Amino acid sequence: MTDTKHHTNEPQRVVLEEALEHNAVDHTIVDVDEPCQQLVLFRLAGQRFALPGKAVKEILSGDQPVYFVPGLPPSTEGVIHLRGKVESLITLQPLLGLPTSDQRGMILLVSAGGIRSGVRIEHLDDVCDVPLSSLKPAPETLPSELRPYVSALWQPDESTATALLDADALFSAYQQGLG
Amino acid sequence: MPINALVDNTSLAPHVALVLFNAGTVRAAIEAHHILSMSDSPTTSRAASADALLLGMRGVPAPTHWLTLQDSNGFWQLGVTGNVVLSRLSTTVLFPLPPLLAARHASPALCGLARHNKTFLLLFDGSMLTPELATQP
Numbered sequence: 001m002t003d004t005k006h007h008t009n010e011p012q013r014v015v016l017e018e019a020l021e022h023n024a025v026d027h028t029i030v031d032v033d034e035p036c037q038q039l040v041l042f043r044l045a046g047q048r049f050a051l052p053g054k055a056v057k058e059i060l061s062g063d064q065p066v067y068f069v070p071g072l073p074p075s076t077e078g079v080i081h082l083r084g085k086v087e088s089l090i091t092l093q094p095l096l097g098l099p100t101s102d103q104r105g106m107i108l109l110v111s112a113g114g115i116r117s118g119v120r121i122e123h124l125d126d127v128c129d130v131p132l133s134s135l136k137p138a139p140e141t142l143p144s145e146l147r148p149y150v151s152a153l154w155q156p157d158e159s160t161a162t163a164l165l166d167a168d169a170l171f172s173a174y175q176q177g178l179g
Numbered sequence: 001m002p003i004n005a006l007v008d009n010t011s012l013a014p015h016v017a018l019v020l021f022n023a024g025t026v027r028a029a030i031e032a033h034h035i036l037s038m039s040d041s042p043t044t045s046r047a048a049s050a051d052a053l054l055l056g057m058r059g060v061p062a063p064t065h066w067l068t069l070q071d072s073n074g075f076w077q078l079g080v081t082g083n084v085v086l087s088r089l090s091t092t093v094l095f096p097l098p099p100l101l102a103a104r105h106a107s108p109a110l111c112g113l114a115r116h117n118k119t120f121l122l123l124f125d126g127s128m129l130t131p132e133l134a135t136q137p
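Top to bottom, those sequences are chains S and Z. Taking my numbering, the leading residue of the first sequence gets 1, the next gets one more, and so forth. Taking my numbering, the leading residue of the second sequence gets 1, the next gets one more, and so forth.
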């Protein structure tokens, strides 16, 4: 009985070992002592962006009821009621010079410079820790609309680049009437 | 004309007396002590409709009620629509404007929001209202 069980399990164990070995080879080795930064990765107008994890207090579903407040620019959707508090809800596309869409996506509750607001994103990609050494300065070739708000570029591979946004700069510009 | 009174005594929190009305398509409110009376038609030469004065909108239904307020130039009237009610709202449902909204909204008299009947009311500061603002670009 014991032998039969052993034989039936053996092929599965081999598969598991192979899988573990395969994944170990594929993954980049990260020095655990290296300082990291948490990023919330998302898309706007199909482009990849990130906000520092410390600035994103909460990730909310995109179908929160939004109350429209008249007399505000199109970049302000209105307000949301969140556990007894009222938060503004803005879209970043006008400020970043990107086309807007009706996609409900998700809402990031962002806090920066003493201000908190909901920010609608089109798609949440991931929340991950990246080594600080992998963040590169924003290149000069960035579109002029993006340049004031991009603090770094994260390029995990040659085909993917993510612009790390500066939440303080975004809110400050918004308050000054931009976007 | 009397303003219908709705009183919420369910909460022990302090209350604020507000006059609720429609301004264009939205529900709005002004602190009750700013409203001196209400009439069916304008009785003063200085008047403005709420949609134009509070929201910068025009062409929505004509006012059905006129609320009398007073500023440094004397009495004036605010034309409103919808059900006009006097309501005491708990301070727990009154919120200041979130900072980003406060920085960008067009009406200087918009001072907050109130959660009421599962939606929001726009709160306007009656002391900052004057009918002449409606004629400014």
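In case anyone wonders, no lab produced these hints; they're calculated from the structure. Hints may contain errors.
What the hints assert, rightly or not - Simulated pairs of lysine-lysine, DSS-like, Cα-Cα distance not exceeding 27 Å:
1) S:K85 x Z:K118
2) Z:K118 x S:K54
3) S:K57 x S:K85
None of the values given here were measured: they were computed from a predicted structure.
Results of checking the hints against the structure:
| no. | hint | result |
| --- | --- | --- |
| 1 | S:K85 x Z:K118 | holds (13 Å) |
| 2 | Z:K118 x S:K54 | violated (32 Å) |
| 3 | S:K57 x S:K85 | holds (14 Å) |
In summary, the structure is inconsistent with hint 2 from the numbered list given earlier, while agreeing with all the others.
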